[in-house]
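Engineer: So the chains spell out like this:
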Amino acid sequence: MANTATHTASDEVEAPAKRDFLKILTVSAGAVALGATAWPLIDAMNPTVSELAVAKPIVNVGGIAPNTALRIMWLGQPIYIRKLTPQQIADNQFIVPDTLPDPASYTDRVKPGYETFVVVVGLNTGISCELLGNSPSDARGPFDGWSCPCDGSIYDPLGRVRSGPARKNLAIPRFTFLNDTQIQFG
Amino acid sequence: MKFGISAAALLAASLAFSNAAKAEDTLSPLHWQSQGNFGSYDKAALQRGFLVYQTVCASCHSANALHYRDLTALGFSPDQVAAIASNVKLADGSQASMDDNFKNPFPDSQVAAKAFGGAIPPDLSTLVAAHPRGTQYIYSLLTGYQAAPSDVNVMANHYYNVAYPGNQIAMPAPLKDDMVTYADGTKATTAQEASDVAAFLTWASHPNLDARKQIGLRAVIFLIFLSVLAIANKRKIWSGVV
Amino acid sequence: MSDQTKSWLETRLPLASSMQSCIWNMKMAVEKPYLAALGSLITATLIFLTLSGFVLSLFYVAAPGAAFDSIQFISRNVDNGWLVRSFHATGATMLFAATYLVVFRTLLTGGYRAPNELTWILKLVFLGLVLIIGYFGYAMADGAVSYWSLHETTVAGARLTSFPGAISNWVFGGPAGPGTLGRVAVLHSALALLGFGVLALHLAAKRAVAPVPTKTVTLHPYYTSHHFVAFAVFALIFAVLVFFAPHWGENQLNLAAANPLVVPAVLTPPWYLLPVSAFAAASSSPLGSIFLVLAGFAVLFAAPWLDQSKGTKPGLFYKILVAVLALDVFGLCMAQADGPSMLSSILSTIFIGWYFLHFLVLSPLATAMESKK
Numbered sequence: 001m002a003n004t005a006t007h008t009a010s011d012e013v014e015a016p017a018k019r020d021f022l023k024i025l026t027v028s029a030g031a032v033a034l035g036a037t038a039w040p041l042i043d044a045m046n047p048t049v050s051e052l053a054v055a056k057p058i059v060n061v062g063g064i065a066p067n068t069a070l071r072i073m074w075l076g077q078p079i080y081i082r083k084l085t086p087q088q089i090a091d092n093q094f095i096v097p098d099t100l101p102d103p104a105s106y107t108d109r110v111k112p113g114y115e116t117f118v119v120v121v122g123l124n125t126g127i128s129c130e131l132l133g134n135s136p137s138d139a140r141g142p143f144d145g146w147s148c149p150c151d152g153s154i155y156d157p158l159g160r161v162r163s164g165p166a167r168k169n170l171a172i173p174r175f176t177f178l179n180d181t182q183i184q185f186g
Numbered sequence: 001m002k003f004g005i006s007a008a009a010l011l012a013a014s015l016a017f018s019n020a021a022k023a024e025d026t027l028s029p030l031h032w033q034s035q036g037n038f039g040s041y042d043k044a045a046l047q048r049g050f051l052v053y054q055t056v057c058a059s060c061h062s063a064n065a066l067h068y069r070d071l072t073a074l075g076f077s078p079d080q081v082a083a084i085a086s087n088v089k090l091a092d093g094s095q096a097s098m099d100d101n102f103k104n105p106f107p108d109s110q111v112a113a114k115a116f117g118g119a120i121p122p123d124l125s126t127l128v129a130a131h132p133r134g135t136q137y138i139y140s141l142l143t144g145y146q147a148a149p150s151d152v153n154v155m156a157n158h159y160y161n162v163a164y165p166g167n168q169i170a171m172p173a174p175l176k177d178d179m180v181t182y183a184d185g186t187k188a189t190t191a192q193e194a195s196d197v198a199a200f201l202t203w204a205s206h207p208n209l210d211a212r213k214q215i216g217l218r219a220v221i222f223l224i225f226l227s228v229l230a231i232a233n234k235r236k237i238w239s240g241v242v
Numbered sequence: 001m002s003d004q005t006k007s008w009l010e011t012r013l014p015l016a017s018s019m020q021s022c023i024w025n026m027k028m029a030v031e032k033p034y035l036a037a038l039g040s041l042i043t044a045t046l047i048f049l050t051l052s053g054f055v056l057s058l059f060y061v062a063a064p065g066a067a068f069d070s071i072q073f074i075s076r077n078v079d080n081g082w083l084v085r086s087f088h089a090t091g092a093t094m095l096f097a098a099t100y101l102v103v104f105r106t107l108l109t110g111g112y113r114a115p116n117e118l119t120w121i122l123k124l125v126f127l128g129l130v131l132i133i134g135y136f137g138y139a140m141a142d143g144a145v146s147y148w149s150l151h152e153t154t155v156a157g158a159r160l161t162s163f164p165g166a167i168s169n170w171v172f173g174g175p176a177g178p179g180t181l182g183r184v185a186v187l188h189s190a191l192a193l194l195g196f197g198v199l200a201l202h203l204a205a206k207r208a209v210a211p212v213p214t215k216t217v218t219l220h221p222y223y224t225s226h227h228f229v230a231f232a233v234f235a236l237i238f239a240v241l242v243f244f245a246p247h248w249g250e251n252q253l254n255l256a257a258a259n260p261l262v263v264p265a266v267l268t269p270p271w272y273l274l275p276v277s278a279f280a281a282a283s284s285s286p287l288g289s290i291f292l293v294l295a296g297f298a299v300l301f302a303a304p305w306l307d308q309s310k311g312t313k314p315g316l317f318y319k320i321l322v323a324v325l326a327l328d329v330f331g332l333c334m335a336q337a338d339g340p341s342m343l344s345s346i347l348s349t350i351f352i353g354w355y356f357l358h359f360l361v362l363s364p365l366a367t368a369m370e371s372k373k
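Chains as they are written, first to last, in this note's numbering: chain G, 1 to 186; chain D, 1 to 242; chain H, 1 to 373.
Extracted from the complex, chain G is given alone in its bound form:
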């Protein structure tokens, strides 16, 4: 032990700068090696390409005819993408939001620049039931929107609740328009 102390001391007298440099270099190289080994383990925990493809699907909406809706499944829930007719827009554009059970304006329900598309989760907000009304021949209710076959709640084409036990408007999923014909969810 006494040995140790003297030798450490003499080392420092001989070449303190060189020894420190070697030590710093060795420790930092070791840290680089450790980091480079740890990185793949952390990176591998990211979502994979396949998972992203499922979680963020791209949907083609160019083929939807006015007055009908496309139904897709996303994350286990039915999503309705509806193309409005000019008549439906005119009917709903200027309604004062405060007169509705769950106030929301036309611009709250559509994306700017793509005002003819309404994208909603197609589940009644009262009793959870899939809504009818995607095709013009379905039971759509008096507002030409959707109706619930379970509790009779009525929605307008923008997905706003108009009557019935339900009190909330239809939920709007997270999505963006990539261009005129493509929507990406997520």
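Hints are not guaranteed to be accurate.
To be verified - Once the Cα atoms are required to be at most 20 Å apart in a straight line, the calculated SDA-like pairs of lysine to any residue come out as:
| no. | chain 1 | residue 1 | chain 2 | residue 2 |
| --- | --- | --- | --- | --- |
| 1 | H | 206 | H | 72 |
| 2 | D | 43 | D | 89 |
| 3 | G | 23 | H | 218 |
| 4 | G | 23 | H | 24 |
| 5 | G | 23 | D | 240 |
| 6 | G | 23 | D | 231 |
| 7 | D | 89 | G | 180 |
| 8 | D | 236 | G | 167 |
| 9 | D | 213 | G | 38 |
| 10 | D | 114 | H | 259 |
| 11 | G | 56 | D | 89 |
| 12 | H | 32 | D | 240 |
| 13 | D | 103 | G | 23 |
| 14 | H | 215 | H | 26 |
| 15 | D | 236 | H | 24 |
| 16 | H | 319 | H | 308 |
| 17 | D | 236 | G | 38 |
| 18 | G | 23 | D | 213 |
| 19 | D | 213 | G | 36 |
| 20 | G | 23 | D | 232 |
| 21 | G | 56 | G | 174 |
| 22 | D | 89 | D | 75 |
| 23 | G | 23 | D | 227 |
| 24 | H | 32 | D | 231 |
| 25 | D | 103 | H | 65 |
| 26 | D | 236 | G | 22 |
| 27 | D | 236 | H | 222 |
| 28 | H | 215 | D | 235 |
| 29 | G | 23 | D | 224 |
| 30 | H | 32 | D | 235 |
| 31 | G | 23 | D | 241 |
| 32 | D | 103 | H | 72 |
| 33 | G | 23 | H | 215 |
| 34 | D | 236 | H | 31 |
| 35 | D | 236 | H | 206 |
No wet-lab data here; the hints were simulated from the structure. As the structure is a prediction and not an experimental result, all values here were calculated from the model.
We have chain G already, so just place chains D and H on it with the hints.
Structural biologist: Frame of chain G; chains D and H shown alone:
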């Protein structure tokens, strides 16, 4: 003068070199660019091999582990891959997308067994990896069809192949000359097609080979450096103790 | 962290000072070879395997067929997944190499003799544990070979009666069923955690019986720099394997998907399971296989008491015998590697016979002879 000569020589040499690179003869002696500790894939060969795979192999064999999007690693652009995928008709009649697995030609192995008299065409995703000297084996198998010797009785629906264990294989010779037309002008001989598809199937089994060798070289050099550092550091610290 | 916070923390939780006194300033014997770092390397490798295994478990599906596909998915679709899988597989190879080396070195240097009996037993317990974990990991690959290995093991196990059969049923849930892989996967990770416990016990036992060194140095910087060399070289070997021989020591056939209709010609396990599989293969009945494997371990466990030396150092003859034993086990593995044949069964019998002869006759004789001089 001297400068002019050397410039001309350099030009000639580089031309000769580029020609050699373009029409590199992989068939005599037989070799693949991906072999060895430093080899990487020849993307032109992989693309040619994919063409052979898609035209010939894919009609009977599945490659379940592969997705169409993986083909960008062969040097195809995303648009080209999207076009390749959209040319594939899935079982339900729809077009395949980038994120689909390679189409399985049969709904399940029972149907496949029925179609081929019990001999199910093996899945090609890991065939090269699971076979000793896999790349060479694929090439030898595809070019190993011969007329059976007179003392060999070939079973019904079987073919004589020198490379196959037991020499009797249920797959008829799949390749013949000019079965595909290569976009890069390479002459599509049977041997060339076999070599290219062997390269493609090697990639299918080892898609990370290039990255593995590249990262590996750096990691090994760095760790040699680290070991030397560690030894120097240790000697320095211990210099007076023993 | 400012000095003020440091002292605030330090007065309430004196980590730094206890690290200083208990770890960094620990007194260590001066003459320690690099192989003395194997214990630290084994611990570090087990931590590394636990971390990489955790990442793999995020994607692994423990169901027949789906398991193989999920590993393909990891290798092809997960970011750096091929590297993580290779880390885990090669990490297992390094762990076994280090563990076998420790067992061999302890035999060679007589490190199992009193008062080291318990450290020796804990080493063997660790070896047995990692062999079980290694087998489960191999079975989890669900390849063309390991599928059949698991199948045969579970079918043979389910046919056993009384206690061995009950153990097999508890572990595997009967002959390879849909739930077997799930059980194997859970046990694979649970037993790995148990491994840390065994390592901790071993460390404590080793400290208790370590002789008091005459000349000492502190752990830091002397043994930290010393072990760092061992770590760097170990990492270098590891990297060469990961990047240039990722499937070294594995049966290549296991890289194909399992086919329940096709039994492969050669059911060779990875290299680290070969000694056990050679002992098991030497008997045709399951009970006989179990007996041989247990007997092979039993003579190892009994080594401290079979040894006749009275505190003397192992002599040259004994060391030669241990080296021959290592060659014998190596030969046994090689005889096993190419699958069953007449020659391999004869060779296996000879090699296994020599193994028992070594522990029961030769080694006691040699040590008795050498202690008389």
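Engineer: Look at each hint and say if it fits the structure.
Structural biologist: Evaluated hints:
| no. | hint | verdict |
| --- | --- | --- |
| 1 | H:206 - H:72 | 43 Å, violated |
| 2 | D:43 - D:89 | 26 Å, violated |
| 3 | G:23 - H:218 | 17 Å, holds |
| 4 | G:23 - H:24 | 16 Å, holds |
| 5 | G:23 - D:240 | 17 Å, holds |
| 6 | G:23 - D:231 | 11 Å, holds |
| 7 | D:89 - G:180 | 27 Å, violated |
| 8 | D:236 - G:167 | 78 Å, violated |
| 9 | D:213 - G:38 | 19 Å, holds |
| 10 | D:114 - H:259 | 17 Å, holds |
| 11 | G:56 - D:89 | 24 Å, violated |
| 12 | H:32 - D:240 | 16 Å, holds |
| 13 | D:103 - G:23 | 57 Å, violated |
| 14 | H:215 - H:26 | 13 Å, holds |
| 15 | D:236 - H:24 | 19 Å, holds |
| 16 | H:319 - H:308 | 15 Å, holds |
| 17 | D:236 - G:38 | 29 Å, violated |
| 18 | G:23 - D:213 | 31 Å, violated |
| 19 | D:213 - G:36 | 16 Å, holds |
| 20 | G:23 - D:232 | 9 Å, holds |
| 21 | G:56 - G:174 | 10 Å, holds |
| 22 | D:89 - D:75 | 23 Å, violated |
| 23 | G:23 - D:227 | 13 Å, holds |
| 24 | H:32 - D:231 | 15 Å, holds |
| 25 | D:103 - H:65 | 18 Å, holds |
| 26 | D:236 - G:22 | 9 Å, holds |
| 27 | D:236 - H:222 | 10 Å, holds |
| 28 | H:215 - D:235 | 18 Å, holds |
| 29 | G:23 - D:224 | 17 Å, holds |
| 30 | H:32 - D:235 | 14 Å, holds |
| 31 | G:23 - D:241 | 18 Å, holds |
| 32 | D:103 - H:72 | 17 Å, holds |
| 33 | G:23 - H:215 | 25 Å, violated |
| 34 | D:236 - H:31 | 16 Å, holds |
| 35 | D:236 - H:206 | 29 Å, violated |
Checked against the numbered hints above, the structure breaks hints 1, 2, 7, 8, 11, 13, 17, 18, 22, 33 and 35 and satisfies the rest.
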